[in-house]
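**Student:** The primary structure of each chain is shown beneath.
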Amino acid sequence: MKLVPLGDRVVLKQCEAEETTKSGIILAGSAQEKPQEAKVVAVGPGGMVDGKEVTMQVKEGDKVIYSKYAGNEVKVDGEEYIIVKQNDILAIVENESN
Amino acid sequence: MKLVPLGDRVVLKQCEAEETTKSGIILAGSAQEKPQEAKVVAVGPGGMVDGKEVTMQVKEGDKVIYSKYAGNEVKVDGEEYIIVKQNDILAIVENESN
Amino acid sequence: MKLVPLGDRVVLKQCEAEETTKSGIILAGSAQEKPQEAKVVAVGPGGMVDGKEVTMQVKEGDKVIYSKYAGNEVKVDGEEYIIVKQNDILAIVENESN
Amino acid sequence: MKLVPLGDRVVLKQCEAEETTKSGIILAGSAQEKPQEAKVVAVGPGGMVDGKEVTMQVKEGDKVIYSKYAGNEVKVDGEEYIIVKQNDILAIVENESN
Amino acid sequence: MKLVPLGDRVVLKQCEAEETTKSGIILAGSAQEKPQEAKVVAVGPGGMVDGKEVTMQVKEGDKVIYSKYAGNEVKVDGEEYIIVKQNDILAIVENESN
Amino acid sequence: MKLVPLGDRVVLKQCEAEETTKSGIILAGSAQEKPQEAKVVAVGPGGMVDGKEVTMQVKEGDKVIYSKYAGNEVKVDGEEYIIVKQNDILAIVENESN
Amino acid sequence: MKLVPLGDRVVLKQCEAEETTKSGIILAGSAQEKPQEAKVVAVGPGGMVDGKEVTMQVKEGDKVIYSKYAGNEVKVDGEEYIIVKQNDILAIVENESN
Numbered sequence: 167m168k169l170v171p172l173g174d175r176v177v178l179k180q181c182e183a184e185e186t187t188k189s190g191i192i193l194a195g196s197a198q199e200k201p202q203e204a205k206v207v208a209v210g211p212g213g214m215v216d217g218k219e220v221t222m223q224v225k226e227g228d229k230v231i232y233s234k235y236a237g238n239e240v241k242v243d244g245e246e247y248i249i250v251k252q253n254d255i256l257a258i259v260e261n262e263s264n
Numbered sequence: 167m168k169l170v171p172l173g174d175r176v177v178l179k180q181c182e183a184e185e186t187t188k189s190g191i192i193l194a195g196s197a198q199e200k201p202q203e204a205k206v207v208a209v210g211p212g213g214m215v216d217g218k219e220v221t222m223q224v225k226e227g228d229k230v231i232y233s234k235y236a237g238n239e240v241k242v243d244g245e246e247y248i249i250v251k252q253n254d255i256l257a258i259v260e261n262e263s264n
Numbered sequence: 167m168k169l170v171p172l173g174d175r176v177v178l179k180q181c182e183a184e185e186t187t188k189s190g191i192i193l194a195g196s197a198q199e200k201p202q203e204a205k206v207v208a209v210g211p212g213g214m215v216d217g218k219e220v221t222m223q224v225k226e227g228d229k230v231i232y233s234k235y236a237g238n239e240v241k242v243d244g245e246e247y248i249i250v251k252q253n254d255i256l257a258i259v260e261n262e263s264n
Numbered sequence: 167m168k169l170v171p172l173g174d175r176v177v178l179k180q181c182e183a184e185e186t187t188k189s190g191i192i193l194a195g196s197a198q199e200k201p202q203e204a205k206v207v208a209v210g211p212g213g214m215v216d217g218k219e220v221t222m223q224v225k226e227g228d229k230v231i232y233s234k235y236a237g238n239e240v241k242v243d244g245e246e247y248i249i250v251k252q253n254d255i256l257a258i259v260e261n262e263s264n
Numbered sequence: 167m168k169l170v171p172l173g174d175r176v177v178l179k180q181c182e183a184e185e186t187t188k189s190g191i192i193l194a195g196s197a198q199e200k201p202q203e204a205k206v207v208a209v210g211p212g213g214m215v216d217g218k219e220v221t222m223q224v225k226e227g228d229k230v231i232y233s234k235y236a237g238n239e240v241k242v243d244g245e246e247y248i249i250v251k252q253n254d255i256l257a258i259v260e261n262e263s264n
Numbered sequence: 167m168k169l170v171p172l173g174d175r176v177v178l179k180q181c182e183a184e185e186t187t188k189s190g191i192i193l194a195g196s197a198q199e200k201p202q203e204a205k206v207v208a209v210g211p212g213g214m215v216d217g218k219e220v221t222m223q224v225k226e227g228d229k230v231i232y233s234k235y236a237g238n239e240v241k242v243d244g245e246e247y248i249i250v251k252q253n254d255i256l257a258i259v260e261n262e263s264n
Numbered sequence: 167m168k169l170v171p172l173g174d175r176v177v178l179k180q181c182e183a184e185e186t187t188k189s190g191i192i193l194a195g196s197a198q199e200k201p202q203e204a205k206v207v208a209v210g211p212g213g214m215v216d217g218k219e220v221t222m223q224v225k226e227g228d229k230v231i232y233s234k235y236a237g238n239e240v241k242v243d244g245e246e247y248i249i250v251k252q253n254d255i256l257a258i259v260e261n262e263s264n
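Chains as they are written, first to last, in the working numbering: chain V, 167 to 264; chain L, 167 to 264; chain W, 167 to 264; chain X, 167 to 264; chain P, 167 to 264; chain H, 167 to 264; chain G, 167 to 264.
Since the hints were made in silico from the structure, they are not lab data. Mixed in with the good hints, there may be bad ones.
[To be verified] Once the Cα atoms are required to be at most 30 Å apart in a straight line, the calculated DSBU-like pairs of lysine-lysine come out as: (1) K229/X to K179/W; (2) K168/H to K205/G; (3) K229/L to K229/W; (4) K229/X to K205/W; (5) K168/P to K179/H; (6) K225/X to K234/P; (7) K205/V to K241/L.
[What the hints assert, rightly or not] Restraint-style ranges between C-beta atoms, simulated for each label pair: (8) K179/P to T221/H: 41 to 49 Å; (9) N261/H to K179/X: 45 to 53 Å; (10) T221/G to G244/X: 52 to 60 Å; (11) M214/L to N261/H: 52 to 60 Å; (12) K168/V to T221/X: 25 to 33 Å; (13) S233/X to K168/H: 49 to 57 Å; (14) K225/X to K218/W: 17 to 25 Å; (15) S233/X to M214/L: 21 to 29 Å; (16) K179/H to G244/X: 43 to 51 Å; (17) V224/W to M167/V: 35 to 43 Å.
Built from N, CA and C at the ideal position, the CB exists for glycine as well.
The task is simple: from the sequences and hints, build the whole structure.
**Tutor:** Spelled out as structure tokens, the structure:
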């Protein structure tokens, strides 16, 4: 099954917690805080939402940081997703070419 | 009797909890959480709602995910329905052709 | 005496709890929950209400479902009424010709 | 002294509790609930109020029903009045010619 | 020193509690409730306030009734004043010529 | 260092509590309430703030009264300042020529 | 990795607490309050945000004071950042040439 978000909603899939420390060592696992990073899975069409014109600024595949207290957790086909309004996405995380 | 929703309201009928796990096994029953999936039964006309122009984006028969804390539960002819504002519908669930 | 509602207010008279079960048996009485069904008794003129243009969509005689926590209960000539804003009416209940 | 309300304010004088039962008997007195009926004593000019154009729809002498939790009680020359915004007036009570 | 209020603010000086009863006897003193009457001491220029055009409708010297829970108490040169927004002034109290 | 406020913010420096009583005696010190008087240290540019056009009405050097519960206290170079929105400034205090 | 803020968001990096007292002595360390000063690391594009046109007024490298209770703390590559809306930035801190 596929989730098709309405309006300015965005479907996110939380990233698994493989956090790279500054010196390059990868921590996989449990003793870390749950990161607020997620991958964009589906993006609503935007347009008039609650009387305001919204242009979508994220796209499928983007890695984003979202607001800790935002969003609805849903479970489809055994997979967990978070559905947020685009306004609850704080920033896109881009990889720098080193 | 038939419910004819006003404005941007949508009448939903909660889906029965037949959840398919990823590997295809169907779980029917009780030990699961109540899903937030519902089928659209009737759709209001939209138009000017609370001073804002609303276009309806769901239609009768759509399977949708709605916000956990939204909606009014009503009982008509012994059947339970949920009446939500379209804004409380997060996403349409589409079947993928595998 | 007659109640003439202002703006987008609607005067409702709660329906007596004669609920028909699916199989056609009528339950009259006490052990049931109070239904949120009501009959429209009088309808305000609509127009500019709180800076927003409101068109009235219900009419005298309509049977409606209204939001559980809405409305002001008033008593006129010993009869109880509920005065709601049209926005608190969720749906019109229509009889289907079977 | 005379109260001249500003904007969309309306000065009300609560009706004395002479409630006529359906069969025509007048109850005068104490064992009744305080009615929310009041007589309009003075009406503000309306116009731009809080950035919204308001047209006054009640006039001096109207008998009205107002919202239970609204209004400011004031005492002028030993008389008690209630000052409400017009928006807190639910309906005008009209006498029917029987 | 002089207070020059900004925007739609009004500086009030609470009236001393010389309340005249209906029969004309003046009560001066302590056993009474504190009246919400005040005299207008200074009036802001109005204009665009919080994105809304406000026209001032009270003037210096007016005796007004203001909302019980509104306003900021300030002390200038040992004198106490209340600064309210015009919207918190309910009515102007005018003397009737008897 | 210098604070350059954004939008409709105003940087204030609280006045020291040298309050002159009506008869001209200066009270310096501790047994008094903290006054809400402050001197304007820097003024934001105004303009579009939160979707509303704001014109700044105070200027550097003005002595003002501000709302008790408003503002952010900040410390720069060991000096304490209060940053408020212009809307939280109630009045300008002007010296009268006696 | 690089944070690219959306809309009117600004990515801040909290300044280390090297506070210079008025007489020029530098306090480095622990017994001080955490300052609300931060350096701007990245600035969103502004534009239509929540139905309002926002022009960004801070730029990368600015030293700013932000509102104590605002913002989301995020951790990227082991570094902590604060993401605020521009509206939560109170003032830019400029160095004076002495």
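**Student:** Could you run down the list of hints and mark each one as holding or not?
**Tutor:** Against the structure, the hints come out as follows:
1. Taking the CA atoms of K229/X and K179/W, the gap is about 21 Å. The hint holds against a cut of 30 Å.
2. At most 30 Å may separate the alpha-carbon atoms for a hinted pair to count; K168/H and K205/G meet this at roughly 15 Å.
3. For the proposed pair K229/L and K229/W, the alpha carbon gap of about 28 Å is at most 30 Å, so the pair holds.
4. Under the criterion of a C-alpha separation no larger than 30 Å, the hint pairing K229/X with K205/W is consistent with the structure, at around 24 Å.
5. A distance of roughly 20 Å separates the Cα atoms of K168/P and K179/H; the hinted pair therefore holds under the 30 Å criterion.
6. The suggested pairing of K225/X with K234/P holds, with an alpha-carbon distance near 26 Å, which does not exceed 30 Å.
7. Only pairs whose Cα atoms come within 30 Å are accepted, and K205/V paired with K241/L is rejected, the gap being roughly 40 Å.
8. With their beta carbons about 29 Å apart, K179/P and T221/H fall outside the hinted range of 41 to 49 Å.
9. For N261/H paired with K179/X, a C-beta distance near 46 Å keeps the hint of 45 to 53 Å intact.
10. For the pair T221/G and G244/X, the supplied restraint of 52 to 60 Å holds, since their beta-carbon distance comes to about 58 Å.
11. For M214/L and N261/H, the Cβ-Cβ distance of about 54 Å falls inside the hinted range of 52 to 60 Å, so the restraint holds.
12. About 51 Å separates the C-beta atoms of K168/V and T221/X, a value inconsistent with the hinted range of 25 to 33 Å.
13. Between S233/X and K168/H the Cβ separation comes to about 52 Å, which falls inside the hinted range of 49 to 57 Å.
14. Roughly 24 Å separates the CB atoms of K225/X and K218/W, a value that falls within the hinted 17 to 25 Å.
15. Range check, S233/X to M214/L: about 25 Å between beta-carbon atoms, so the 21 to 29 Å window is met.
16. Evaluation of the 43 to 51 Å hint for K179/H and G244/X yields a pass: the beta carbon distance comes to about 49 Å.
17. In this structure the supplied range 35 to 43 Å holds for V224/W paired with M167/V, their Cβ-Cβ distance being about 38 Å.
When the structure is compared with the earlier hints, violations turn up for hints 7, 8, 12 and for no others.
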